[in-house]
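Number of protein chains: 2
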Amino acid sequence: MSFDKIDLFDASKGKRGTSLSKLLNGINGPQDLKHLSVLQLEKLAGEIRELLIHTVANNGGHLAPNLGVVELTLALHKMFDSPRDKFIWDVGHQAYVHKILTGRRETFSTLRTSGGICGFPKRSESQHDAFGSGHSSTSISAALGIALARDMSGAKGNVVAIIGDGSLTGGQAYEALNHAGHLAINLTVILNDNEMSIAKNVGAMSEYLAKMRTAPTYSKVKHDIEYLLRRIPAIGDSVANTAERVKDSLKYLLVPGMLFEELGFTYFGPIDGHNIPLLLDVLDKTKSVKGPVLIHLLTQKGKGYAPAERNADKFHGVGPFCIETGEIQKNATSAPSYTQVFGDTIVKLAEQNPDIVAITAAMPDGTGLKKFAATFPKRFFDVGIAEQHAITLAAGMATQGKRPVVAIYSTFIQRAYDQILHDVCLQNLPVIFMLDRAGIVGEDGPTHHGVFDYSLLRHIPNMVIMTPKDEDELRHMLYTATELNAPVAIRYPRGNGVGVKLQDCFTKLETGKAEQLISGKDVVLLATGAMVEPCKSAAAILAGKEISASVINARYIKPLDEQTIRQLARDTGIIVTVEDNVLAGGFGSAVLEYINSQNLNWVKVLRLGLPDKFIEHGQRGQLLTQHGLDDQGIATSVETFIRQFGARK
Amino acid sequence: MSFDKIDLFDASKGKRGTSLSKLLNGINGPQDLKHLSVLQLEKLAGEIRELLIHTVANNGGHLAPNLGVVELTLALHKMFDSPRDKFIWDVGHQAYVHKILTGRRETFSTLRTSGGICGFPKRSESQHDAFGSGHSSTSISAALGIALARDMSGAKGNVVAIIGDGSLTGGQAYEALNHAGHLAINLTVILNDNEMSIAKNVGAMSEYLAKMRTAPTYSKVKHDIEYLLRRIPAIGDSVANTAERVKDSLKYLLVPGMLFEELGFTYFGPIDGHNIPLLLDVLDKTKSVKGPVLIHLLTQKGKGYAPAERNADKFHGVGPFCIETGEIQKNATSAPSYTQVFGDTIVKLAEQNPDIVAITAAMPDGTGLKKFAATFPKRFFDVGIAEQHAITLAAGMATQGKRPVVAIYSTFIQRAYDQILHDVCLQNLPVIFMLDRAGIVGEDGPTHHGVFDYSLLRHIPNMVIMTPKDEDELRHMLYTATELNAPVAIRYPRGNGVGVKLQDCFTKLETGKAEQLISGKDVVLLATGAMVEPCKSAAAILAGKEISASVINARYIKPLDEQTIRQLARDTGIIVTVEDNVLAGGFGSAVLEYINSQNLNWVKVLRLGLPDKFIEHGQRGQLLTQHGLDDQGIATSVETFIRQFGARK
Ligand SMILES: [Mg+2]
Ligand SMILES: [Mg+2]
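Residue numbers (numbering that gives the first Met the number 0), protein chains in the order written: chain A, 0 to 648; chain B, 0 to 648.
Excised from the complex, chain A in its bound form (with noise of 0.2 angstroms):
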């Protein structure tokens, strides 16, 4: 395969707008593709790859995987029609080709900011976003849903699932296809092959389909069979049935994709995804196919824009970056995110401690675990997007002695919650979660916020649950982690730390003990992970106005501090929680039922953390601010409270 690069932009074109041409101008919905000729097809996908990095480059989000599709999403609204035709995208970062086809181009600039575009399919945001997304390996079931429910009510239309081979190293991709196989209903699934899900693709079905873009070309292969088919004489009785079978097997050579035949599914490909000709080719010629059909296509991640061909991971997700050099913004603040100084901390504790093993679900870098994984290759696993086994793995790890630290993202987490309680709690195993990016994550939205963890953990028995004030903190609760035995999870947020000083030794913190921070006597600002920083800060702000708070860094969801809870419940009558996780069943949630446990009623509770609603995207401090869980807001609903119901009993 050769690509055509596009021509790197002028700076002249670097702002917003300017450099859309005319043909893009006319698309306002898929109905404008039909008339277009595939000359004026590849035109435009050239003129879509501009406003992509262009707008990406402003505000950050998923690049190279949207650069990959380009020709792809042309070629399937071009054949088909949406929205009586149905595509669904697996994960949905590589959806904006398809939001700039449907209607979206004009609002497209607003991409992942606040009340803008969001950066993964919404039903609530086009009629053309026929399932949301966010999470891997979903496509298929919910493709096959819709298709069942199309075939029940008799109604027309195909219906597309686009999975990568990332989302296909997921279980629930595999549950679909060995249903989807076994109905033989109608139904287009197109694997996206790019050899990558985030970073490099793993895993035996990863090899299995370079083994095929490896393979001579259909044509090819097909004469030389027949060829030899010729060649055989012909056979007595005694071997016919065998005789059938070989040239049943012989499919398997014809057809390179077995493994999804052998599963129900027709096989196409593999195929250029880059050659619009032969995708409008293909996706023609598979309409008429009855029962599910496999597309595979073989795509380039960040086709199109040098910097992100050549580092397809640094582009899958990214911040803002400078065009020309494919530099990325550097924040301002120098300090380290939570995610380096775990990686910098795991590979530091695992220099001491052999036992200490690391397990990521296809994101090595994301999590930090890329330095490890260069220093202790032996030590490291990265087992593809699958989350559920990652834990099975860790806990069996465990039984044997390892210490199996699992760095995954707190929303990624939700996959596994059955794991977490039978495998790793039931069994009181010392497996370790990292949950990064907990909280308000920002610009990836609803899908992608962590602020379900506390909720979803606190409630099984034997799980530590921990959260750092700070990035040195990160460091000693790592490392007491380690020196537990039982299951532990470590939540932080994305982003930089606060920038405090990184110690040189490691500190075993007392388990189920918070930490005074701040003294004062009216009220007690109990404060988890990125909440302390605002709320000592509000402790400032309350001070100017009379106002004494004490501001207790919680260290633990669980177990609680019950003794510091209590004595500082009796010194003040007032306690304060502050989490960036829903109320429900939350922190706050957990001091209410110890302190209804101990029948201290006369002690008065404010729970500040997030509403009982699914929180849409936007910038991270915005989003926090907006919910009162900034300093000022913090400090604004504490003396409102204390007004309202005076200090002290």
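Note that these hints are calculated values from the structure, not bench results. Predicted model only: the values in this text are computed from it and were never measured. Yeah, the Cβ is synthetic: ideal placement off N, Cα and C, and Gly gets one too. Check each hint, because a few of them may be wrong.
What the hints assert, rightly or not - Derived DEER-like restraints, expressed as beta-carbon distance ranges:
hint: 1; chain 1: B; residue 1: T506; chain 2: A; residue 2: S123; range: 58 to 66 angstroms
hint: 2; chain 1: B; residue 1: K210; chain 2: A; residue 2: G620; range: 52 to 60 angstroms
hint: 3; chain 1: A; residue 1: P353; chain 2: B; residue 2: R122; range: 19 to 27 angstroms
hint: 4; chain 1: B; residue 1: R83; chain 2: A; residue 2: N484; range: 53 to 61 angstroms
hint: 5; chain 1: B; residue 1: Q39; chain 2: A; residue 2: N484; range: 42 to 50 angstroms
Stated by the list, open to error - Quick list of in silico lysine-lysine cross-link-like pairs, DSS-like style, CA-CA up to 30 angstroms:
hint: 6; chain 1: B; residue 1: K612; chain 2: A; residue 2: K507
hint: 7; chain 1: A; residue 1: K210; chain 2: B; residue 2: K289
hint: 8; chain 1: B; residue 1: K33; chain 2: B; residue 2: K77
Dock chain B with the ligands against the given chain A, drawing on the hints supplied.
Below, chain B with the ligands alone, put in the same frame as chain A:
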């Protein structure tokens, strides 16, 4: 295959213990098998079947699965060296024979009774139970973790996962195969294929396995192929590569398990899983194979006990029964089970509402959907053991106007938290979850109690959670759910209803509205679901002690009936919440949150429910009593609380 049946038992042997013959009496651990001949092992197999049948006839349990693995388990313990070699039993309900052979023969009569042998592998019970299980499809993950830890530590030992064809429909099994195949690690997976999960197995993989079962024997095919190959003449250079591929392709024929081979496993099979010498031979041979091995065994579920062979589904998990007839002991009460009432109700509603469809994850019978499946075969979907897929599938259908009812046990919903949150609730789709076997389930123990669902679901935005006080209310709740445009979970206990009359019509229950059953002035019992009846009795007991208690049937866990709670709090000043869920994050916690949010500090709340620990197995009534959740326990707790804190403020 022709299997000898073991003799039906004399009635005189029906008593526990008397049926143990000499051979089994001498087996106190795996080492006692080492000197036995094949003939002796075969005799032992018969004795073990006797013990299994007698014990389960007394205690209830998983009979058919265990009858199917007698020879396999004997062969494993003969050829391997537990606990150095490790067996990981998927799901685990087929580990009875393993328990009998590993020092638990004498205590086996206590199976599933309080303080006795657990019905599932349990690390704390024996060093031979390498990994606990209870839910499906985790064994390969755990085995891989153990094998990796072994290799990292330079330790020795074989690791063997034993997984059924049903468990292979669960996506996690595939995630683990994908990972293991890629690693080329020494690991044995035994696929125990009986063409069943609990009911008849479904899906494309199952059809694939069936094809292998009916394929000609390995040696016949091999002979025929060699004959054919000899007749292919020498070929020129131009097609030499293809000829190579033809040979590769023929492997597909020689190796029926090519699908597993493609995933990196060396496949052996299919092999008669009841033929002890054959099993010993294949286990011996595969020990020296490098890399992961998959041994495909064909077994018969229920083997050796005619009633179970005829009806393996019924004898999968079974209550006490009569050995001679296979008749299940009828429960004394004549009230229909919740499961039955649900099964009848959904059929009735579906007759009126063509949009209603039903989905099960491999449990058409256990969930009560058999009648629906027979009445509306085109609206019924058994997806295999694939809870994640089941729920996203339902979400897909709901986007097209269907009303999917997903019937699933409370404990298994734990497998699909993320799908409930993302695919259903975030999109606010009207999917109905029927959570059977909620609360304490009894003999199946900690892996099967449904005691986390309130805490798991109530913090998810948009979710409506109901729980009926009796089997008639279940009907109205299901009807109400079909009329609501929101995700709804209905949660009900295992076993018989309370015996109320079933009404002819359906009533739509007001959303978030509780029902007052008894009016009192000293205290309010806010009871949920199965706790309503004991609360009514508790109120009667309390009345005898001059305590006048209101009893409220909560009906809704979410949204709470805030108005009623507020009013009753005002009336009595004391609220007692009663739930068969863990207290952490549960219903009582929701009530505390509400009272806190309203600053009703003067209300005294007593929360009755389950503690923050895993509940062991035992009789359901016993366990409820033990945790103070029977009428007497509730009455005592309430009385104590009132005596301590006084009635009225
Ligand atoms: Mg990919
Ligand atoms: Mg089976």
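Now the hints, each set against the structure:
1. T506/B to S123/A: 58 to 66 angstroms: 32 angstroms, violated
2. K210/B to G620/A: 52 to 60 angstroms: 58 angstroms, holds
3. P353/A to R122/B: 19 to 27 angstroms: Given range 19 to 27 angstroms: holds, Cβ gap about 23 angstroms.
4. R83/B to N484/A: 53 to 61 angstroms: This hint is violated: roughly 23 angstroms between Cβ atoms.
5. Q39/B to N484/A: 42 to 50 angstroms: 43 angstroms, holds
6. K612/B to K507/A: 26 angstroms, holds
7. K210/A to K289/B: 22 angstroms, holds
8. K33/B to K77/B: Since the Cα atoms of K33/B and K77/B sit roughly 6 angstroms apart, the hinted pair holds (cutoff 30 angstroms).
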